[in-house]
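Enquirer: If you read the protein sequences in the order shown, they are chains U and H. To convert a position in the first sequence, counted from 1, into my numbering, add 102. To convert a position in the second sequence, counted from 1, into my numbering, add 647.
Treat each hint with caution, since some may be false.
[What the hints assert, rightly or not] Below, a sample of chain H positions facing chain U; criterion: calculated Cβ distance under 8 Å:
id, residue
1, Val686
2, Met692
3, Ala696
4, Ser742
5, Gln743
6, Val752
7, Ser756
8, Leu800
Don't read these hints as lab results, they were simulated from the structure. Since the model is a prediction, treat every value here as computed from it, not as a measurement. C-beta atoms are modelled at their ideal positions from N, C-alpha and C, and glycine is treated no differently.
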Amino acid sequence: MDIERDLNDALRRREAPAGFASRVMARIESGEADAPAAHPERKPWRAIAAAILLTAVLGGWAAHQESERRAGERARDEVLLALRITSEKLHEAREQVNEIGTNH
Amino acid sequence: MRKYAFFLLTIFLALPASAQRINIDIPGLAERAAEVIDVTLDAQMLRVASKFFSSRDSDRAVREMVNGLEGIYVRSYEFDKVGEYDRAIVDRLRSQLGAEWKKIVNVRSRDRENVEVFLHMRGDAVRGLFVISAEPRELTIVNIVGPIDIDKLGSLEGQFGIPKMSMEKGKQ
């Protein structure tokens with residue numbers, strides 16, 4: 103490896119391609135070279151709207167989850183109430199049957 | 648043709664469930680009662696409820712029982728005075744029961760409650776439970792639609808406020 107030779111090769115003067123200067127001049131004259139780079143315009147309201155939308159969606163989802171949880175817990179309590187009443191009535195019926203059976 | 652067969656199958660499957668469902672709504676009775684308990688849980692609500700039972704043994708037993716059911720309907724009315732409801736209501740409720748409903752308990756008492764317990768039988772399987780408990784100042788009606796395991800119901804005794812029956816199975 104010869105570093106000196108490699109550097110010489112890399113830094114050696116090279117001729118521009120044919121017509122390069124005229125192409126550059128043509129672009130300058132047409133004004134194309136002055137055109138600003140296409141940077142997106144900063145629009146803060148978009149970020150605000152996205153944040154509001156995200157908050158609304160997350161809030162709605164959380165409210166829906168909470169409402170489902172409440173409905174489920176209420177249904178669970180009603181199941182237990184229904185089973186308790188059913189069991190009580192069966193229990194009372196059974197007690198009366200046993201009582202009648204004992205008396206006879 | 649397939650759609651037609653599917654339609655018929657749907658009706659065929661729906662009919663038995665509707666046969667176990669009894670109309671227990673009595674117009675005007677709730678207004679006269681001092682206290683009303685109204686539980687209406689269809690299959691969808693039962694599925695929702697079953698998700699809210701934990702994996703503890705007692706909760707699991709309820710969840711397993713509830714999962715197979717198609718509906719639980721309870722109406723309980725407590726009145727301030729004796730004779731505030733028409734005893735003919737009980738006859739009207741009973742008249743809805745078809746031949747598949749078997750009366751397994753019938754307790755009649757002059758001073759205490761009259762209790763009738765019916766099971767909807769399909770073969771040896773219990774597919775529905777109907778209880779009418781008529782006291783002078785209280786009327787309670789229970790309709791459970793779907794396969795009920797009486798043993799599982801019994802296994803809940805002493806839990807969730809369900810009274811301990813302390814009785815031998817099959818002894819009446």
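Enquirer: With a cut-off of 8 Å, does the beta carbon of methionine 692 of chain H approach a beta carbon of chain U closely enough for the hint to hold?
Expert: 5 Å, holds
Enquirer: Hey, does the alanine 696 of chain H contact hint survive, CB to chain U under 8 Å?
Expert: Since chain U brings a Cβ to about 4 Å from alanine 696 of chain H, closer than 8 Å, the hint holds.
Enquirer: Going by Cβ atoms only, is glutamine 743 of chain H closer than 8 Å to chain U?
Expert: Violated. Min distance 19 Å.
Enquirer: Would you check whether leucine 800 of chain H satisfies its interface hint, that is, whether its CB is within less than 8 Å of any CB in chain U?
Expert: 7 Å, holds
Enquirer: Does the CB of serine 742 of chain H sit less than 8 Å away from some CB of chain U?
Expert: 20 Å, violated
Enquirer: Can valine 686 of chain H be said to touch chain U, with a Cβ gap under 8 Å?
Expert: 5 Å, holds
Enquirer: Are serine 756 of chain H and chain U close enough, Cβ to Cβ, to be under 8 Å, as the hint says?
Expert: 7 Å, holds
Enquirer: Taking the least C-beta to C-beta distance, is valine 752 of chain H closer than 8 Å to chain U?
Expert: 5 Å, holds
Checked against the numbered hints given earlier, this structure breaks hints 4 and 5; the rest are met.
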